[in-house]
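Residue numbers (my numbering), protein chains in the order written: chain A, 211 to 902; chain B, 1280 to 1365.
Treat the hints as calculated values from the structure; they're not laboratory data. Be a bit skeptical, because a hint or two may be false.
Computed cross-link-like contacts, DSSO-like style, restricted to lysine-lysine with a CA-CA straight-line distance of at most 27 Å [said to hold, decoys possible]:
1. Lys256/A x Lys708/A
2. Lys398/A x Lys1354/B
3. Lys611/A x Lys708/A
4. Lys1328/B x Lys278/A
5. Lys513/A x Lys611/A
6. Lys1354/B x Lys615/A
7. Lys1328/B x Lys708/A
8. Lys232/A x Lys393/A
9. Lys339/A x Lys234/A
10. Lys278/A x Lys232/A
11. Lys513/A x Lys708/A
12. Lys460/A x Lys426/A
13. Lys1354/B x Lys611/A
14. Lys704/A x Lys1328/B
15. Lys256/A x Lys866/A
16. Lys234/A x Lys1354/B
17. Lys417/A x Lys460/A
18. Lys270/A x Lys234/A
19. Lys732/A x Lys269/A
20. Lys398/A x Lys414/A
21. Lys360/A x Lys414/A
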Amino acid sequence: MKLLRGEEAFVTNHDLSKDLVKIKVALVGIPNVGKSVIFNKLTGGKAWVGNWPGVTVEKKVGKLIIGKYLIEVTDLPGIYGLTPYTVDEVIARNFILNESPDVVVVIANAANLERSLHLVLSILELGVKVVVALNMIDIARDEGIEVDWKALSRLLGVEVVPTIAITGYGINELVRAIIDTYKRKEVKPYVVNYGDLIEAWIGKLVKELGRCEGLKYPRRWVAIKLLEGDEHVLSTVDGLCPQIKGLVIKAREELSRELGDLETYITEARYRESLRIANLVRSYVEVGKVTITEVIDSVLTHKVLGIPLALTIMYLLFRFAFEVSTPLVDLIRLLFDEILRNYVLSLHNLPDWLTSLLADGVLSGVGAVLTFLPVIAMFFLGLSVLEDVGYLARFAFVVDKIFHKFGLPGKVAIPLIIGFGCNVPAVMSTRTIEDENDRKVSALIAPLSSCSARLPVYLAIAGAVMGNYAGAAVASMYWIGILLALIVGLIMRKLMFKGPSMGFIMELPPYLVPRPADVLAKTWERTRKFLVKAGTVILGGVVIVWLLSVTGPSGYLGPQALTNTSLLEKSWIGFLGHVIAYFTLPMGWDWRACSALLFGLVAKEIVLGSLGVLYGVSKGSLVATLAHVFTPLTGFAYMVFILLYVPCIGTLAAIKSELGLKYALLALTYQVTLAYVASLVIVGIGKLIGLG
Amino acid sequence: MSRGVLKTTGRSVRLSEASMGREYVVVSINCNGVVKRRILDMGIIPGAKIRVLRTAPLGDPLEVIVSGFPISIRKSEAACIEVIER
């Protein structure tokens, strides 16, 4: 049989698809079970990547062709069960119920069988054809665990295929099992017995549901969910056949008098069954060795060393990302700001405005996108290594207590720390946070972390007006940023993203040596996403700022406005600067300082250069000029405003690409408001205590 | 089913107050909703063996070993897991 995967399957799909038998496969498994590796091995890594409708959870679909079969694999989110409590679980169960995949492949962890078996049993209740891939048999063996997979297969009544995903062991057998299961007419899967009391009621409900027209879902599953009190299922059934509601209420009342909380009882019964089956097919061989993970953890999560090591590792990630990318960034700057720019400027046959659009708009826009690229790629590379090694979970464990106080999970620390370097990868690093609400909040507060582009602005202003307190003023920006991020996070989690918190119950996966191919694939996928989704937004933003500089209320001013102070005052930028100056009257900033803020939209470091142009002075004498423009108080308020006021266009684009336009606008609005209020309060308090 | 068969010594305690390094068996989980589900999802189910390995440097959360697997859990959530020493 000829086997085609990924790209080839995609290409040949069009010519052959009419002759092929299509098998729809859904891939499910608990988190950290190696599901995405199996997906890649099955489909050759080529996947169509999108989002599930309405949520920011990633959806991946891949294909393979074997013989006369076209197998379309949908990768469902990592889940533990099929409750209505988490977005991931709802996505998974809706897909299985509504899209009716022909075969559901459940990937189980041989080293931790009971947890995976609970998911297997839950999915079997949906009445679908199941194949179990018993993964990580190598790790289980290392830990002295042997699983009798043939016995497991007999017990469950489904095919069980032992696999080692990372080496590709068992993948061909898995494909064969999928096809065999697809061809099977009848399946007699294992049914969990919930005890006489509950089973009697399940029987009654199933009978009643048989008369419920239009109900497509398996009746036993619906009956169990009705007894558990699942709101989603209840409202579906209620819409189709309202007469059942009374029976459900009666059943729940009667049963909970005997058994206590029914959902708890049923869930525990299913888990007890998983534990029982696991113990039947599993045997232990004494290995008695201390695992590598234990040794490493005794250092990395050590009482005294843990936190300093966590900070050191993040600092090293930082240094790595910047040191490696700096030469590349310099090269890209040289290419765009000097070589290409000079070339465009030397083209005499072009009209003035076009030369300026190309040189100051398009080239500087493309340059801005590309100068982000090396830093982002290096951050992702480092982060992917830390993630795949298993350290990110430990990092969250070590710092969790600090964030717990603000109702946030420990992993929020990662975007906040990366944000000190650059907010763009910080926003994108929130991908590693499992809970959707936590992820959204983290992405929204990440831009409050003071990035390196803001530093030159702080240094210039603090140097000009803060005297001996310059160092302290600059350092305080970092603390103000983090403190406000935590407070805003707390407020958002309480008011806007209320969903239940999972707390901090999570697995600490064993340390693994990451596979370079996996790390590079992940890095590339994330970097490419930034380039495609953020690139156009950044370019567009830079061109708009250019347009606002060379035109004004009186019409076209010409590219000279970019270098001429009095012309620039007549542009839209100058006009808006006056408007902002009016609204920020209490802060006492003049219109030039306000116009510079608009350029900061493109990238915060541009604020400094713009101040130079606006005050008509060279870089060298800028600090001396600023000393006359700001008082210590208005200068400090300006620094806080720079810290908070807007994420740069790159960061906005990253938020848009991660969460959607709505959230990018939310970030923009709340930050402008926060910046305004914060600097107003600073000036107010300052004046009260007699400063300024 | 496991409750009657277990050979146990002493009285049951909350997991948040369990002594470090000793082997316990989960007796019951006394909270509801998502947190309870998450606890069960992690294999912390009545009858499972559990041991507190360490606390994080700042005193919270805990790292516990459940049937051989390390799991991190905050003390506030560990408080609703009742365990008994083996």
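Violations among the numbered hints: Per hint list: 1, 2, 4, 7, 11, 14, 16, 21 violated.
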